[in-house]
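**Student:** Position chain B with the ligands relative to chain A; hints supplied.
Okay, here's what each chain looks like letter by letter:
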Amino acid sequence: MTLAPETTDLKVQLRLAEGWFTVCELSLLVPGRGVAALLPDGRQVAVFRDRAGRLYGIDNRDPFCGAAVLSRGLTGTHRGRPYVASPLLKQRFDLTSGQCLDDTTVRVQTYEARTA
Amino acid sequence: MSTTAPVGDRPRPTIVLVGHGMVGQRFLEALAERGLTATHRVVVLCEEPRPAYDRVRLTSYFSGRTPEELSLTDTEFITGHGIELHVGDPAETVDRAARRVTARSGLTVGYDVLVLATGSSPFVPPVPGRDAEGCFVYRTIEDLLAIEAYARSRATTGAVVGGGLLGLEAAGALKGLGLASHIVEFAPRLMPVQVDEGGGAALLRSIEEMGLAVHTGVGTQEIVVGADGAVTGMKLSDGSELATDMVVFSAGVRPRDQLARDTGLAVGERGGITVDEQCRTVTDPRVFAIGECAQAVDGRVYGLVAPGYEQAETAAAAIAADGSGQRAFTGADLSTKLKLLGVDVASFGDAHGTAADCLDVVYSDSRAGLYKKLVVGRDGTLLGGILVGDAEAYGTLRALTGTVPPVPPERLVLPADAGAPAALGPAALPDAAVICSCHNVTKGTIRGAVTEHSCTSVPEVKKCTRAGTGCGSCVKVLGQLVTAELEASGVEVDKGLCGCFARTREELYEIVLALRLTSYRELLDRYGREEARDGDGCETCKPAVASIIASLAPTIGADGYVLDGKQAALQDTNDHFLANLQKNGSYSVVPRIPGGEITPEKLIVIGEIARDFGLYTKITGGQRIDMFGARVEQLPLIWTRLVDAGFESGHAYGKALRTVKSCVGRTWCRYGVQDSVRMAIDLELRYRGLRSPHKLKSAVSGCARECAEAQSKDFGVIATAHGWNLYVGGNGGATPRHADLLAQDLSDAELIRLIDRFLMFYIRTADRLERTSVWLERIPGGLDHVRDVVVHDSLRICAELESLMAAHVAHYRDEWAETINNPEKLARFVSFVNAPDTPDPVVGFVPERDQIKPDLPLLSIGLRPAPALEGSAQR
Ligand code: SRM
Ligand SMILES: Cc1cc2nc3c(=O)[nH]c(=O)nc-3n(C[C@H](O)[C@H](O)[C@H](O)COP(=O)(O)OP(=O)(O)OC[C@H]3O[C@@H](n4cnc5c(N)ncnc54)[C@H](O)[C@@H]3O)c2cc1C
Ligand code: SF4
Ligand code: FES
Chain A
1 MTLAPETTDL
11 KVQLRLAEGW
21 FTVCELSLLV
31 PGRGVAALLP
41 DGRQVAVFRD
51 RAGRLYGIDN
61 RDPFCGAAVL
71 SRGLTGTHRG
81 RPYVASPLLK
91 QRFDLTSGQC
101 LDDTTVRVQT
111 YEARTA
Chain B
1 MSTTAPVGDR
11 PRPTIVLVGH
21 GMVGQRFLEA
31 LAERGLTATH
41 RVVVLCEEPR
51 PAYDRVRLTS
61 YFSGRTPEEL
71 SLTDTEFITG
81 HGIELHVGDP
91 AETVDRAARR
101 VTARSGLTVG
111 YDVLVLATGS
121 SPFVPPVPGR
131 DAEGCFVYRT
141 IEDLLAIEAY
151 ARSRATTGAV
161 VGGGLLGLEA
171 AGALKGLGLA
181 SHIVEFAPRL
191 MPVQVDEGGG
201 AALLRSIEEM
211 GLAVHTGVGT
221 QEIVVGADGA
231 VTGMKLSDGS
241 ELATDMVVFS
251 AGVRPRDQLA
261 RDTGLAVGER
271 GGITVDEQCR
281 TVTDPRVFAI
291 GECAQAVDGR
301 VYGLVAPGYE
311 QAETAAAAIA
321 ADGSGQRAFT
331 GADLSTKLKL
341 LGVDVASFGD
351 AHGTAADCLD
361 VVYSDSRAGL
371 YKKLVVGRDG
381 TLLGGILVGD
391 AEAYGTLRAL
401 TGTVPPVPPE
411 RLVLPADAGA
421 PAALGPAALP
431 DAAVICSCHN
441 VTKGTIRGAV
451 TEHSCTSVPE
461 VKKCTRAGTG
471 CGSCVKVLGQ
481 LVTAELEASG
491 VEVDKGLCGC
501 FARTREELYE
511 IVLALRLTSY
521 RELLDRYGRE
531 EARDGDGCET
541 CKPAVASIIA
551 SLAPTIGADG
561 YVLDGKQAAL
571 QDTNDHFLAN
581 LQKNGSYSVV
591 PRIPGGEITP
601 EKLIVIGEIA
611 RDFGLYTKIT
621 GGQRIDMFGA
631 RVEQLPLIWT
641 RLVDAGFESG
651 HAYGKALRTV
661 KSCVGRTWCR
671 YGVQDSVRMA
681 IDLELRYRGL
691 RSPHKLKSAV
701 SGCARECAEA
711 QSKDFGVIAT
721 AHGWNLYVGG
731 NGGATPRHAD
741 LLAQDLSDAE
751 LIRLIDRFLM
761 FYIRTADRLE
771 RTSVWLERIP
781 GGLDHVRDVV
791 VHDSLRICAE
801 LESLMAAHVA
811 HYRDEWAETI
821 NNPEKLARFV
831 SFVNAPDTPD
841 PVVGFVPERD
851 QIKPDLPLLS
861 IGLRPAPALE
871 GSAQR
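The listed protein sequences correspond, in order, to chains A and B. Residue numbering for the first sequence follows our numbering, starting at 1 and increasing by one per position. Residue numbering for the second sequence follows our numbering, starting at 1 and increasing by one per position.
Chain A on its own, in the form it takes in the complex (with noise of 0.2 Å):
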């Protein structure tokens, strides 16, 4: 795999259990979208900048059917809380705890994330 080169610009980056990853460059988010991202271990991360410019990793795959979207679903804001809903059924996840909205039992990975 290639990954993106480095600039200077804003960077985003994720915290896992080794450090903090760089993902892109901030400028490659639109706020209220995300993109998909793959760690060096495999899993997919889908990183989101809210209109505030906040950042939120949370794992990409819609664990209702399996498929890597949920990057591209629509964010949106619950009761003052970030979430996205995936492109596939729907389904609603807080972009904060990653609990799924539509259902107490489904909560999906979360990554802390940053610019540097």
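Note that these hints are calculated values from the structure, not bench results. In this text, a Cβ means the ideal position worked out from N, Cα and C, and glycines have one as well. Do not take every clue at face value.
[Unchecked claim] Here chain B is said to cover these stretches of chain A; the calculated rule only asks that three of the stretch's residues, wherever they fall, bring their Cβ under 8 Å from a Cβ of chain B:
#1 22–32
#2 42–50
#3 65–78
#4 87–96
**Tutor:** The following block gives chain B with the ligands in isolation, referenced to the frame of chain A:
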């Protein structure tokens, strides 16, 4: 042949109903509601070859409603209530002494109660030649089938004798069948019973404008018959002769009381079985008569369905005789509102001003075909009126009849743009006001449905009270009342788009258009709900607003390209990737194939692309080809090949125009009368890319055989010998709906102009994800209102609608070509932002029937908890 054999051990009393028309059916329903079908044996003799159907809507057969759709009953009702229905078997004799009815088949049934609901028969004036081939009446489905067959096979001209309500309907139907149509009326004006001279003049103008020839003040003296025994013309009382291939008599009706006469029941001077207030015949307490065959206590024979329904209820109540709501029928209101050939005509109360000392308030504009008259008493009481050309205020006015209206009467008839305030709201009506005259439902009853029976929507109120389920003319007022009542009783009627906007989609559309807003954020922060401002919105309003902005893009100065900056974040996934997401995260690609017409070269290109990218191909239900299984990073490469070969996006992913299907049409088909392929291509290219509240589908058929299934489309076009018929509001899918005829015999230019207006009006006023079918049923006034707006320009917005569409057409660009030529946008089409060359490992395929299908086990690998995917990353 069966004779009466009592069912069960104890014989139940028997009710025999003769005649299964509209009133007969209502009588059966009234029996069932009162539990009488359980305690009585009910036998029905039905003369026609089919059970009761909606005679009032008979003419809609010509705009596509099938006899089945016109039916008023079903086997569930009939057998469910144990009713013995004998179809096609009329009663021939009644032996009152033996209490026995004998039918044509020989069937003999004894009765305890006999109910006659035999309706009436068309009156055919005794002129020579009236039995010739080519002479018809207009009363039953069979009559219409015969008229249609004759008109199609051997007539180019038709004449209707009688310019009353039915005559006009019949003439309109003949015109719809492609005949040059004439109306011959003996009275000096059209619809002499309902309207006065002024109203007749306004009506005449509108009818003539539609291309119908009207001859008033002349009688029919003779039907001229050719050597082959078929009609060739008519001799009129002014000495002139009218050449015509067929004649439809519509000169009034006569009560069918022969059966009653034969068995010695009293009948009125001008016919009609004489009954008392309980609808019992004055001669025999065991025999009732209801509907058009009866002469009520007020000496009148009612030729409308509402009084008949009232009589049906009255008779059922009298038969039940359990004291539960005794009723009496003493007379009825003759108010009517009709849509005749697209012209509104209404009359109510004392329309002709027969009361002593009454005054007229008249507004008339014959240029616009408008005539409105109110009859008012000295003390200001509204007594009645006539409305021609615009019957918008009918519901309110009818309900106000008998009261002193809260505003001066002239304000009620002036058109809205003449400085008068909008017509009175239903709030002004008293509780006793009858809102639905078909079912005699008062405002009080409707309010009760909301406050006591907890109805929270118009459909629920309709079900609960029956209001609005007859002619439909009261539905608009009904809707206003229900909303007002819900609001008054504190039920919050939140019509907001979603949790972010308290406004409806229609309101947001108007805001975006008026303020030229091109930014979702600005709209949310200025017009969103307090708690949603400054937030990220939601997945409901974002695509809805994106769609509004896209439909208006050229007009409000937004970039029409859906992936552009501000719009990009709003689009649903499919729009965002300009392709349809599949269950495993791959996409399908559907190039536009306008009208379903495609060259061999292009077919080969599609084949090559699908082969080179290993895609699954399928012919869709929309007459085009879908290629499935493209990975997100392959999309631009596939589009590039398609665009190079002259293809463009088919918008299979968008709430936008999908396909315009076509049949092969006149070019090849022996039946075709117009070039349906050409028209389908023109329409598809005109409306391609148009974003709308829901997807839009269309089709064009080359003749009435309808091979393109145009009547199941949002807008469907069917060729006629003279041009095109336009149907709207059709739907396949989960809740299929046949489209309604909007306009007939249009030229190419007229057709396109009407579709422009229709689509833009829909886009403007529909809710999100509301197909045209649902929209048409929801909006107040329904099809009639839409026709008023788009055909007659009643809101004076057609120029604007047309210019919005013109802007759309002029600014159309192919979204695929735009994307592949824009490196910045292309960056999005990768599986991983940090590994653009790596495909998504979960997207895999396995073979099936020589093609691919998603590898589903791959999707479940590593779901909860997620182990590393190192092993499969290289797939
Ligand atoms: C591909 C196709 C089936 C096929 O293999 O033939 C298809 C496939 C889909 N249809 Fe369809 N429909 C297809 C013809 C139809 C038809 C037939 C027609 O158009 O003549 C109908 C009934 C006609 C109608 O719409 O009135 C039809 C009624 C629906 C509906 C129900 C709409 C409704 O009003 O009830 C949906 C759901 C929706 O839109 O909300 C739907 C939704 C879908 C979606 C978009 C479901 C989804 O969200 O994934 C499917 C995805 C297509 C894809 O991935 O490419 N599809 N769908 C057809 C594509 C036609 C085309 O060339 O564009
Ligand atoms: C084209 C058209 C448009 C109309 N539009 C309107 C409108 O807009 N508003 C309105 O209020 N009214 C309208 N009417 C009138 C309305 O249809 C009638 O008032 C209504 O149908 C009367 O119902 P009924 O049951 O009394 O008679 P019908 O519906 O005529 O039913 C009588 C039935 O009895 C049957 N019958 C007769 N004799 C026998 C026998 N011996 N044995 C067995 N069966 C027998 C007949 O075949 C018929 O099926 C319209 C009528 C027509 C034809
Ligand atoms: S609709 Fe008519 S013209 Fe078109 S293919 Fe069918 S029969 Fe032929
Ligand atoms: S007035 Fe005809 S349905 Fe209500």
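**Student:** Hint by hint, note whether the structure agrees.
**Tutor:** Going through the hints against the structure:
no., hint, verdict
1, 22–32, "holds (count 7)"
2, 42–50, "holds (count 5)"
3, 65–78, "holds (count 12)"
4, 87–96, "holds (count 4)"
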